[in-house]
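For reference, the chains in residue letters:
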Amino acid sequence: MKFARVEVRDKKGVFDAVAVGVKRDIRDLGINGVSEVEYICVYTIGGDFSREELSRLSLGVLTDMISQECDYASGFNVEESENVHVVEVAYNAGVMDPTSESIIKAAKDSGIQGIMSARSSKKYIIHGKLSKEEFVQITDKLLYNKVIQHIVSEKEEKIMPEPYKFKHEEIDIMSADDEALLELSFSGALYLSLAEMKAIKEYFSKLKRNPTPCELETIAQTWSEHCKHKTMMGAVIYNGKRIENLLSETVMKVTRDLNKPWCVSVFKDNAGIIEFDSKHNICFKVETHNHPSALEPYGGAETGIGGVIRDPLGTGLGSKPIINTDIFCFGLPDMEALDVPKGALHPKRVLKGVVSGVRDYGNKMGIPTTNGAVCFDPRYTGNPLVFCGNVGIMPKEFSFKQVSEGDLIVSVGGRTGRDGIHGATFSSAELTSESEICSGSAVQIGNPITEKKVADALLKARDLKLYEAITDCGAGGFSSAVGEMGENTGAEVYLEKAPLKYEGLKPWEIWVSEAQERMVLAVKEKNLEALKNVFKDEFVEVAVIGKFTGEKKLRLYYEEHKVADLDMDFIHNGLPRTAREAIWEEKEMPSDIHFPEKEDYTEDLLKILSDWNVCSKEWIIRQYDHEVQGGSVLKPLVGPNCDGPADASVTRPFLDSPKGIVVSNGINPAYADIDPYWMAASAIDEALRQIVAVGGTLKKVALLDNFCWGNTEDPRQLGSLVRASEACYRMAKVFGTPFISGKDSLNNEFNADGHKISIPPTLLISAIGVIDDVDKTISMDIKRSGNLIYVVGKTYHEMGGSRYFAVNGQKLGLPPKVDPERSLSLMEKLSEVIQEGLVASAHDSSEGGLAVALSEMLFAGGYGARIRLKEVPVEEGVTREDVILFSESNSRFIVEVSPENKEMFEKKMNSVPVGLIGEVTEETKLTVFGNEENKIIETDIDTLKESWKKPFRKLMHEES
Amino acid sequence: MKKAKVIVLRTAGTNCDMETAYAFELAGAETELVHINALVEKRKALREYQILAIPGGFTYGDDVASGRILANELRSKLEDDLVRFISKNKPVIGICNGFQVLIKMGLLPSADKIADTGVQATLTLNDSGRFDSRWVYLKKTGSEKCIWVKDFPDLVTIPIAHAEGKFVPRGADVLKDLQDNEQIVFRYTDKTGKLFGRPYNPNGSIDDIAGICDTTGRVLGLMPHPERHISYLQHPNWRRLQNKKHKLGTGLEIFRNGVKYAEKYV
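The listed protein sequences correspond, in order, to chains A and B.
Numbers in my numbering are just positions in the first sequence, counted from 1, shifted up by 59.
Numbers in my numbering are just positions in the second sequence, counted from 1, shifted up by 97.
If you are wondering where the hints come from, they were derived from the structure by calculation, not from laboratory data.
Hints should not be assumed to be uniformly reliable.
[To be verified] Straight-line Cα separation of at most 27 Å, DSS-like style, residue types lysine-lysine; simulated pairs:
| hint | chain 1 | residue 1 | chain 2 | residue 2 |
| --- | --- | --- | --- | --- |
| 1 | A | LYS1008 | A | LYS676 |
| 2 | A | LYS595 | B | LYS141 |
| 3 | A | LYS70 | B | LYS141 |
| 4 | A | LYS164 | B | LYS174 |
| 5 | A | LYS1009 | B | LYS273 |
| 6 | A | LYS591 | B | LYS139 |
| 7 | A | LYS718 | B | LYS344 |
| 8 | A | LYS524 | B | LYS273 |
| 9 | B | LYS344 | A | LYS71 |
| 10 | B | LYS344 | A | LYS591 |
Just chain B, same shape as in the assembly:
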């Protein structure tokens, strides 16, 4: 079988590109780190790939606001290619800064609506007012809609590392749509998966939202970093785990799901 080919998009300030590529490789894909200049100058084309990943980092220094400059660049220069990519059933994932980019260019929560109503949500400064690096628990809350979490445990632990991760929808209608359409993929929770709100919600996100997908279920954006939990050795308490040797990190399943989907449907 031919391996799914993943484009890991880079630009100035991208910094989780290598580990994201590595996670996709562990999940069975072939990867290529591609600088946005190569796409803009048409030395590479998005259509040659089956999966798009926009990794974490501080693109353009998070100047003005996180993800804003890259979102603007993608919309100005590559919007058509991106829309075509998604319409061809191809999965897209934005992690941390990548999530911020997808939200700020309007591909999340729904690319269809952007023309009429503009961006529908934002990721803004944490309530604490500063960058925060910690492990959080995530509860999978959507149904099976999102292709990235088809076979996925209900509760996982994955680290966050961001200053601007507070999810804020434009209004109650947007939030209701997200809930009704089962687009909320992950919510911050406690280690039992039962409690929500502070202090388990690290940034003040509305409705404890940590990740959402678009209406097709193929575009996923999340603030936590699943690529940082693909081996038991990355878990903060791996020394306490039973049978640790058999366990890969829980983040790896996300990449596996994306790759499986691309192999099957793209």
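Chain A on its own, in the form it takes in the complex:
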């Protein structure tokens, strides 16, 4: 086998957007000495090929003959000097390089058969005077991430991995004392507690033998917090009172109590399923990929969205993915580089990487990203949160799966490599400055096209009824997928039959690898050939790796050697139950405001619009395809210039039907510091408000929970989790909105050299609903001058955690509460009048309060307004103008109504607090009159819009 290097670069004079971007990023690091950056794509081609073939491949496939030039002999001549610095970055061995497969295919298509491998790398030539430190800063902070990449050195050896030769291994657990058990748990990256290790020891002592690595890995994976939700499903002693199973007694209980007939499958499959129309069901799942995204934002986010798309694909007998939603929590993206703790990446780099990862995977899967949110808080710097969600749709008859004895275990999709080993257990660990060094293999790069092929083939095979059950290979790989599917039957697996990316994997590595883009099916022998043909047509690999038995045992083999023999019952039910302590102490919150009232609030409003949590996220949103599949009826950006912030998104899954799906997200970690109960209540109210604001109803809305907390070994952290769960129960019960699925991630803290930084407790509530006629939906942009503006809902003195407090330096105060009975009746009324066509636009009031919601509506629509603050319905005693403008009380909307509909609107809304606060003007100015008819805000809507758009523009150096 020989290797050739092919270098490709833009011709002189061609605008190189990549190089320009790198140069700009270097300047962002505070390094000003760089005059020019050149960028070269390098391909390392291995195999047996002639010079003519190499030339044909290089010129015909690898180079754009219009804009690029190529060298496949010795590479472009670059002299390194004091002012010319060269660095080449390549993926580490074993990391997925999606281009490899495509180049090999293209070579074969061109009649070049001998090419066996193709790897890509990136070469940068940086011109300018740089110190050694500056150069290292550029490479480390911008150009590569050592978790998945390395800098190519002159004499790089190409090591071909050796095939694995079987060797019997066992781990001595029978003679291990407590200390040795803990050491084993830690050094083996099992992250199991002493009680759990002892339970394993006891099990094997009864069997009178030691476990094999496969057995121990299977147990650790199945019992991991990630897979077992030990905290949420475990017993908790909450302020002295025992709760047997937190999840079952709160979030899941509400679903049982409500018992909605349209809930098809809840909390058991990969996603929760609800009814859509008489022939179809939809399913929804949101989950996090936080720790991988902290270490390698691009790959972490990419595999996050890739993983959650496989959930609806693996729900029931498989659903078609039709909507993505993404919610992120980051540190402040403009923080000083020097203040970033060791081992953490700068939040701006995290943000850019995460957005690119979600973009590339979501767009390449052909799924529209229609809705999302981004929150910022310094405590997310070392431990960002990346929530990815996906909605799927399926014909009703495919909503359930059934594994039977004798079914074959079939793996389809990507091959198995060493990637992502210990992902399930790693997610239970705390992130430290060392994490990037030791946990590299838990982070990976995805290949969306493999998953797209799998999805295309799967749905065909499903319609032909060629398999009986399906699940995705997510955390825990085959171990988790086969373990779950075979829980009630038993399974045997022949590990050597799994297709591998490269040689040398040990049996346990094959078993727990989290290599992406794999699904596991249960297939009847008689359907196997037909199934293989469907997958072959779409270029997807199929392998029979075992079969489901009737013995309730998990048996693993490697060639003729048995490498695991465990009782399914022990794997799934052997985990010792522990009760953990949880404390919640009511904190007295100050009700006063520590600073005086002001004459004018224009500056405060502009500041809040520029707050990272409020400002425009257009830079992110536009990178996602929100139109693919053609179903988008309410887009994330609305208004005549398509730049206003929509509330929920509305999608029509069938282009010949008016029936739609509405999706929204509620999240506000700023309230968590005050009271997690009201944070949870606010998130639920917000998600539902958004649905109502676009013209949805609450009659058929389901919720998903995603709890991201710090270390819940700390009783206070656990106490706040219990408190948030209690709010979930109460609110969802009254609103009549069942939870159908959820997820938790409970070890979100970053250890910066011994100083622990815990994220604020963060609950994301995602809501999904069905809309009968999308033609009745509305958008939030103001439509016409002369129209009337109303506030619906009462304003309270609830300033704690508000953006207004944040820009004025106060933190604690009374949190926004929710009275769910009142909120529901208000939302039902508003829903009715919107359905009846009485409302021209509506927007929910959240961060920044009424002033921000109103500003957004005006600049999205391109109109001004004259507003009388004293007409806003307030709780008795609320008089401060700033409270009325900026309080973040829940259950409030701003609504635009045409004069023709005034009477009817007011009549229909007479049972809820409504105030006619002003009217829309042609003149593009917002004027707010205070209690004494004095002007307290006066500014042009262009100024408001500019403040709102400025932060991201400035951050990303965009032209205005």
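Fit chain B to the known structure of chain A by using the hints.
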């Protein structure tokens, strides 16, 4: 009358196939989604169809460059069939990734020239350096040469969604030929149809080119997605439109023109 039969070509990473087929069906055609493997293995034949559509997506992940791997595959394995297809008067449309494929295999701007001079233009990375999803205004600029826009308004709005949509001709001669032969079908413009250049041109395309046809007028390639505007409900501001109920999306006319032409001349 027999319906025109459209082949919507699929392969790994194609993703706008269903909505493109749906647009052709609304326009009165019969459609079939066909994987390239079925053509290569001769289980299906191109000659059985009257219209070819190469839809949007990320074929083979846009690895190396957008559309490159599929363009190479089509040229290596199906070039003769494709040339014969076009010579039989049959219309071809490439949307977004499909446009990238047609350009990169040389069928656009002119299949005749490829043997002598190689590819004549490319679609490369947007000036912004990244993927961009937005609604743009298109001005119809060619004359009646392109059969896909015979009856077509001068100004329409249709969304784009691409990272590599910057049209770059090989040189001034190629651009002049395109202009002289009236092959430039669509240019990016503002909402009045009068202003060109930034910011209306979203990707830095030379001469604001959004779509071109070949010298026969039957092969159309465009970056914007007309199949995403075939119903008023897809318009970003349908709630502001007057008489919205009577309006189908402006993209549908393209499909209707193709189908009408195929019914009449093929």
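Given the hint that LYS595/A pairs with LYS141/B, test it: the Cα-Cα distance must not exceed 27 Å.
At roughly 16 Å apart (the allowed maximum being 27 Å), LYS141/B and LYS595/A satisfy the hint.
For the pair we were handed, LYS344/B and LYS591/A, check the Cα-Cα distance against 27 Å.
The given pair, whose Cα atoms are some 45 Å apart, is violated under the 27 Å limit.
Hey, LYS164/A versus LYS174/B, does the alpha-carbon distance stay inside 27 Å?
holds, 13 Å
Holds or violated: are the alpha carbons of LYS524/A and LYS273/B at most 27 Å from each other?
Measuring from Cα to Cα gives roughly 56 Å; hence the hint is violated.
Would you mind confirming whether the straight-line C-alpha gap from LYS70/A to LYS141/B stays at or under 27 Å?
Not OK: LYS70/A and LYS141/B at ~41 Å, beyond 27 Å, violated.
Does LYS273/B sit within 27 Å of LYS1009/A, going by the straight-line distance between their CA atoms?
Violated: LYS1009/A and LYS273/B sit about 41 Å apart, past 27 Å.
Measure nothing beyond the straight line between the CA atoms of LYS591/A and LYS139/B; if it is 27 Å or shorter, mark the hint as holding.
Holds, at about 20 Å.
Hinted pair, alpha-carbon criterion (27 Å max): LYS344/B, LYS71/A. Please report holds or violated.
Distance of about 48 Å is beyond 27 Å: violated.
If you draw a straight line from the CA of LYS718/A to the CA of LYS344/B, is it 27 Å or shorter?
Satisfied, since the Cα-Cα distance of roughly 19 Å is no more than 27 Å.
Hint check: LYS1008/A vs LYS676/A, CA-CA at most 27 Å. Holds or violated?
holds, 8 Å
Checked against the numbered hints given earlier, the structure breaks hints 3, 5, 8, 9, 10 and satisfies all the rest.
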